[in-house]
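K.L.:
So you can see what is in the structure, the chains are spelled out below.
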Amino acid sequence: EPEVTQTPSHQVTQMGQEVILRCVPISNHLYFYWYRQILGQKVEFLVSFYNNEISEKSEIFDDQFSVERPDGSNFTLKIRSTKLEDSAMYFCASSGQGGYGYTFGSGTRLTVV
Amino acid sequence: SQQGEEDPQALSIQEGENATMNCSYKTSINNLQWYRQNSGRGLVHLILIRSNEREKHSGRLRVTLDTSKKSSSLLITASRAADTASYFCATDAFGQAGTALIFGKGTTLSVSS
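Protein chains in written order, with the working numbering: chain A, 1 to 113; chain B, 1 to 113.
These aren't lab readings, by the way, just hints derived from the structure by calculation.
25 angstroms max Cα-Cα, derived DMTMM-like pairs, lysine to aspartate or glutamate:
(1) Lys56/B with Glu1/A
(2) Lys105/B with Glu5/B
(3) Lys70/B with Glu44/A
(4) Lys42/A with Glu5/B
(5) Lys26/B with Glu44/A
(6) Lys105/B with Asp86/A
(7) Lys56/B with Glu5/B
(8) Lys105/B with Glu85/A
(9) Lys42/A with Asp7/B
(10) Lys105/B with Glu44/A
(11) Lys105/B with Asp7/B
(12) Lys26/B with Glu56/A
(13) Lys83/A with Asp63/A
(14) Lys105/B with Glu56/A
(15) Lys78/A with Glu56/A
(16) Lys57/A with Glu5/B
(17) Lys26/B with Glu55/B
(18) Lys83/A with Glu59/A
(19) Lys105/B with Glu59/A
(20) Lys42/A with Asp63/A
(21) Lys42/A with Asp66/B
(22) Lys78/A with Asp63/A
(23) Lys78/A with Glu18/A
(24) Lys105/B with Asp62/A
(25) Lys57/A with Glu85/A
(26) Lys42/A with Glu59/A
(27) Lys57/A with Asp71/A
(28) Lys26/B with Glu59/A
(29) Lys42/A with Asp83/B
(30) Lys26/B with Glu5/B
(31) Lys57/A with Glu3/A
(32) Lys83/A with Glu44/A
Just a few of them, taken from the derived set where beta-carbon distance is under 8 angstroms, the chain B residues facing chain A:
(33) Gly42
(34) Leu43
(35) Leu48
(36) Phe88
(37) Leu101
(38) Ile102
(39) Phe103
(40) Gly106
Nothing here was measured: the structure is a model prediction, and the numbers come from that model.
Glycine residues also receive a C-beta, built at the ideal position from the N, C-alpha and C atoms.
Between the sequences and the hints, there should be enough to build the whole structure, so can you do that?
P.N.:
Okay, structure coming up:
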């Protein structure tokens with residue numbers, strides 16, 4: 001069964017450093033997303049991406065965040081200057097033609113120290 | 001309050017019993033989805049029910065949707081210890097395909113043998 005692949009599975013970074021989280025969505029999917037889950041809390045939407053541009057973003061997705069689809073397969077989330085409160089599990093997801101039926105990756109656990 | 005609120009927050013049952021979790025939401029939706037998350041792991045899509053459907057089955061899972069009450073239920077029959085996990089409902093934010101999902105806080109299910 002097709003999967004959404006995220007790398008790395010765990011990343012530790014110093015506060016103030018830039019991090020790039022990587023995702024390979026399902027190849028024929030058209031919609032791409034990033035979500036995050038702070039430990040013990042609910043999953044929160046960050047951003048959606050369609051047709052090579054951001055289609056929606058939440059209040060969390062401020063100027064410190066950016067997304068990119070640098071080639072035909074990867075979808076990345078960049079945090080420019082990490083803060084302690086950015087520590088969370090970050091999930092990438094993709095969905096197909098109708099926008100339904102999300103598939104989530106297994107997540108990247110980001111720890112900012 | 002939030003879109004997609006589950007109750008109960010926690011549920012403890014014995015193996016073989018049925019588990020019922022409920023979800024309420026506020027706005028109109030295209031579809032409602034249920035996800036499972038094992039502790040510290042990724043989100044696993046369980047089932048999607050469209051707004052024009054009232055009931056859907058998948059193996060031991062039964063989902064109902066009542067759009068007039070803006071509520072859904074997830075029933076797991078003949079539960080197993082492996083069903084121990086957190087369960088989340090998620091609705092599309094604006095009733096459009098490809099839009100963000102809004103997750104509830106989840107129900108933590110514990111199945112003891």
